[in-house]
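Enquirer: Could you build all of it, start to finish, from the sequences and the hints given here?
The opening residue of the sequence shown carries number 27 in this note's numbering; numbering runs sequentially from there.
What the hints contain is simulated information worked out from the structure, not anything from laboratory work. In this text, a Cβ means the ideal position worked out from N, Cα and C, and glycines have one as well. One or more hints might be untrue.
[What the hints assert, rightly or not] Here are the computed distance ranges between Cβ atoms for each label pair:
1. Lys1027 with Gly413: 30 to 40 Å
2. Arg902 with Asn328: 54 to 64 Å
3. Glu106 with Leu166: 47 to 57 Å
4. Ser493 with Gln418: 38 to 48 Å
5. Gly993 with Val1099: 45 to 55 Å
6. Gln471 with Glu503: 43 to 53 Å
7. Pro936 with Asn311: 27 to 37 Å
[Claimed, not checked] Below, computed lysine-lysine pairings styled on PhoX-like, alpha-carbon distance capped at 20 Å:
8. Lys877 with Lys929
9. Lys408 with Lys211
10. Lys549 with Lys408
11. Lys861 with Lys266
12. Lys30 with Lys50
13. Lys472 with Lys861
14. Lys929 with Lys961
15. Lys726 with Lys521
16. Lys588 with Lys618
17. Lys408 with Lys192
18. Lys202 with Lys929
19. Lys819 with Lys861
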Amino acid sequence: TQVKRIFQTLAVNRLNEFRMEEIKNLAEPLTVTTIALYQLICEGFLPKPECCHYLFNLRDVSRVFCGMYFAEPRLYEEKEQMLRLWYHEVCRVFMDRLINVSDRDKLSKMIDTCMDNSLQMRLKEITGDDPDMVFASLDLQNPDAEDPPYEQMPDRKALKTFMEAKVEEYNNFYKKSPMPLVMFKDAIELCCRILRIIRQPRGNALLVGVGGSGRHCQTKLASYIGFGGTTPYFQIEISKQYKHPQFHEDLKKLYEKAGTKAQQVTFIFSDTEIVEESFLEDVANLLSSGEVPNLYTTDELNGVRASVEKPAKEAGVPFGPEALYEFFLGRVRENLHVAFCLSYIGNSFADYCRMYPSLVSCTTIIWLLPWPAEALTEVAQKFLREGKLQEQFRDPVSEIFGRAHTSVAVFSEMMKEEQRRINYVTSTNYLELVQGYMAMLQEKQKDIGGSADKLRNGLSKLDDARSQVAVMSVDLEKKQEICATKAKECEELMKNIVVEKSKADVQQASVEADSTRLEKEAKETRSMADDATRELEKAMPALEAALDALEKLDQKSIAEVKAYAKPPDMVMKTMCAVMTVMEKTPSWGQAKTELNDVKFLHRIKNFDRDNISNSTLRKVEKYTKDPNFTPKLVGNVSNAAGALCQWVHAMKIYAEVYREVEPKRLKLKNAQDLLEKKNRDLESAQAELKRVQDMVQGLKDEFDTSNTQMTTLAATAEELKIKLERAEKLISGLAGEKVRWEISLGNFDTMQENLLGDCIIAAAFMSYAGPFGFAYRQRLVEDEWMVPVKEHKIPHTHGFSFAAFFANPTDVREWNLQGLPTDNFSTENGVLTTKGRRFPLLIDPQNQGNKWVRKMEPGLHVFDPNSKDIMRTVERAIEFGQSVLLENVKEELDPALEPVLAKNIITNSPGSYSIKVGDSVLDYNPNFKFYITTKLSNPHYTPEISTKTTIVNFIVVEEGLTNQLLGVVVMKEEQGLEEQKKELVVQVAKGKNRLVEIENKILRLLAESKGSLLDDLNLIDTLNDSKVISETVTEQVAVSEQTMIKTDAARENYRPAGFRSAVLYFVLNDLVVIDPMYQFSLEAYTQLYIQSIDRSGEKKVASGIQERTEDLNAYHALAVYKYG
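Expert: What follows is the structure in structure tokens.
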């Protein structure tokens, strides 16, 4: 009654805020229904070893009403809406913790019964077609809304779109550590459930599930959606030195953020991070009271109190150390949300729940069930769509993936029952399958397509060479005919050249003589011209001086002279002299008339001085002979008259000189005219000579062209002949390769067609088959994975073999030489070890895998869990791209290796990577390899380990052990035979590898060749050399194989002994099922067998191999019995 009153009061207080009366009236019935349901749950779900967390208390009832308090009155107008919210909260509080579907169905029936009794409604009436209804504080229309209301999300498509957008937003924000999440139905519901918990005050979550189920990723996404910011969640980073003090330092950071800064934050903590038990104790205290004992020192505590004084004062908290600290802790509990990720595998979960009750009572528990078939299909569809797989294959391939995942889970249970060997199948394996399939398909298409293209190119080159041979044969005949014709043409041209050349020589001699004579005459003429020019140049200074003086005169100067009514004598004389030179009347009147002419100066400057007559010259002399008639004296009277006086003197001098030079000029002109005529005649003769010479040169050019053509054709014909010989040699030499390449090309085309199905099986094998033995692997491939591929008619290889499909024969031969057994199971293990996407963890009780890895990886760093500076060795290997081997591990791995095993690689830029290991950020070299081996024959590895490594069952199988022990007995009985066998194995392996290298070289050379294959002499010589080597090696391999067949036939006589000894070993090995103390190493057993061989031969001398084998088997059986 008291309990009912308490919760009904809470319900009434909240529901009275709603407008509708029918909602207000739900307070009492909902309280009665909830309490009745709680009582049924406590009675019907009792704690058991597998469900030790089935512990319920009234806090769970309060969580139901707390969830209802999130409802906003304005959004709830109907009674059914409130009932759906109530049902949702009941499911989140009670149903989410149930461990299987049957328990959840049982709870649904309880809810239905209680609703029928108290509410007179059935569950189906409020759930309708959506029993898995989702309520969340999300605004699908406004993703960035700060405080969205808590309401139902009926539009699942819009919700999915919202979640996918948030994932993309998260990945863009955290580019160095993105999460490739597929938001299928269950993942969306999980995210919304976590979001519901962390949005509640003091909301903490206990997420129970196996590794790889999405606990961490969905919590990160929910924290990002709920809190935003740069650090909405926090995780500790484990290193070798991470202990309790370091854990406390991280808790202080969380307390500062949640308590001092009042920021919402999610603390994601995992059971794999419990380095010390005290970690868990601190987390339990944090959940129960919010206080971690001894977290702060006294000084630090004072600082904490001081940091919250201001907000405490604003909140009305009384000042005092205790009150301030309680206020601080209250803010921590309000803002710090713990998401504890715990695995139910093993006894740890039950122990934790028993030892730390607050893990159950102070958290909302979500038990993660395996992904349903719909989720598997949806995940596969997304990756197949992104990988651009053909649409018609997406549905069948997705279905096959789901069936493969389910079948492995069934086989794991079968193996557990039959062999007590535990294997976990997680969602990480499934993601590995889907992603691995697309990566493998693309890689194989590229590899096979590349190999096929090489062969096509090689065949095309050979076909081109054949075609060229036929063309070149015809071309050679034509060129030989043209060569003969060109030879005749050259002979006729040479005759014409001789005749025309003789004519040209005669004409050239005549032209050269005329040219010499004319050159002499031209020289004489130039001498006469030079004399005349020198004479004229004598008068030129005076003339130029006079003209320069005249240039200085202007109309004003003339007007000055003209202004004289009665000019001075010197001016008069000057003007009369000027008139005399101009052949005018020498008077002042005439002078004034001329001076009035505005062109007077122009006429004076441009006077025709070459035609001054002799009479004029004599008349001028009477003036020029006057000693007072000088430019200087006249210039003293008048500047203008002085200039004119100078002009008169210059005209007289020039005229006198001109009269002496004129005869010479006439003679020069006659000589020049004659020379010009002769030059014209010479040019005509030269033109004629050039015509003749051009004709001769044309004949020569024509001859040279024809001769060159003939020579070129002859060289081409010779080259064609050589090419023909070379081509026939090449084609005949590579004839065998052509046939083999054509067959291989057909095989490649078939393989390409079958890749869709083959890659499905191979990807499933890579993801799941590692932990299984040989028999289980065969059954999985043939009975489980191959069958649906056939049903859906997806192209595949009949009789598919994983080793044949994925293993390179060259690599396998190298592995065998390095110590890997030759049986098919070991080859599969070799592929899983070297090709897996995760680092391999070899279950290797016989130490065969360990020895093989040591020989395979030169420069390998080897250490065990007890070695010093393990992480330093690993870090150095990561940076330098080296290989490391961690051997002799037990069932747990150092948590510090977590980021390395998880491959938390950060892509800085294309080709540049880094990884954070502990507190160090290291450059990550893609060549880094990490091998892990254990000698435990049946280890129990948790899902957290199996999802981060590729577990490979390296336990020896019957076929491999039979061959090994056969080698032991043959070595003891016929040492030479076994040594010969080993030598032949090495020879054949190296020979076949050499053949592959040669063929690849030939194909590479053909691919790299440009233009015609027959034009590259070096290429052809190299190809021929390679072919010769190939034939030699082929013969050697054939001889070695024939010898090996004979050797094997001789060795087969001892096979019954090898088989019996192998069977006896497995008998001994199976005793471990009875008691773990019955463990025998293969090395010790081999020594026992050698002793049996030696001692059985001492007691009795056998007459033949069969009798010897029978004796050995009988003796060794007894020895094994005594040994065991």
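Enquirer: Hint by hint, note whether the structure agrees.
Expert: Here is how each hint holds up against the structure:
1. Our hint of 30 to 40 Å for Lys1027 and Gly413 holds, since their Cβ atoms are close to 34 Å apart.
2. Separated by about 44 Å at the C-beta atoms, Arg902 and Asn328 break the suggested range of 54 to 64 Å.
3. In this structure, Glu106 and Leu166 break the distance hint of 47 to 57 Å, their C-beta atoms being roughly 21 Å apart.
4. The hint said 38 to 48 Å for the Cβ distance between Ser493 and Gln418, and at roughly 40 Å that hint holds.
5. Look at Gly993 against Val1099: about 29 Å separates their beta carbons, and that is not inside 45 to 55 Å.
6. For Gln471 and Glu503, the hinted distance range of 43 to 53 Å is satisfied, since their beta carbons lie about 48 Å from each other.
7. Range check, Pro936 to Asn311: Cβ separation about 47 Å, and the 27 to 37 Å hint is violated.
8. Between Lys877 and Lys929 the CA atoms are separated by roughly 25 Å; this puts the pair beyond 20 Å, and the hint is violated.
9. Restraint check for Lys408 and Lys211: the C-alpha separation of about 13 Å stays at or below 20 Å, so the hint holds.
10. Taken as a hint, the Lys549 and Lys408 pair is broken in the structure, with Cα atoms around 103 Å apart against an allowance of 20 Å.
11. Under the criterion of a C-alpha separation no larger than 20 Å, the hint pairing Lys861 with Lys266 is inconsistent with the structure, at around 29 Å.
12. Using a Cα cut-off of 20 Å, the hinted pair Lys30 and Lys50 holds, with the two alpha carbons roughly 17 Å apart.
13. The suggested pairing of Lys472 with Lys861 holds, with an alpha-carbon distance near 16 Å, which does not exceed 20 Å.
14. The suggested pairing of Lys929 with Lys961 is violated, with an alpha-carbon distance near 25 Å, which exceeds 20 Å.
15. The suggested pairing of Lys726 with Lys521 holds, with an alpha-carbon distance near 11 Å, which does not exceed 20 Å.
16. For the proposed pair Lys588 and Lys618, the alpha carbon gap of about 6 Å is at most 20 Å, so the pair holds.
17. Among the hinted pairs, Lys408 with Lys192 is consistent with the structure: their alpha-carbon atoms are about 17 Å apart, no more than 20 Å.
18. Between Lys202 and Lys929, the direct Cα distance comes to roughly 13 Å. Compliance with the 20 Å bound is thereby established for this hinted pair.
19. Our distance criterion of 20 Å between C-alpha atoms is broken by Lys819 and Lys861, whose separation comes to about 28 Å.
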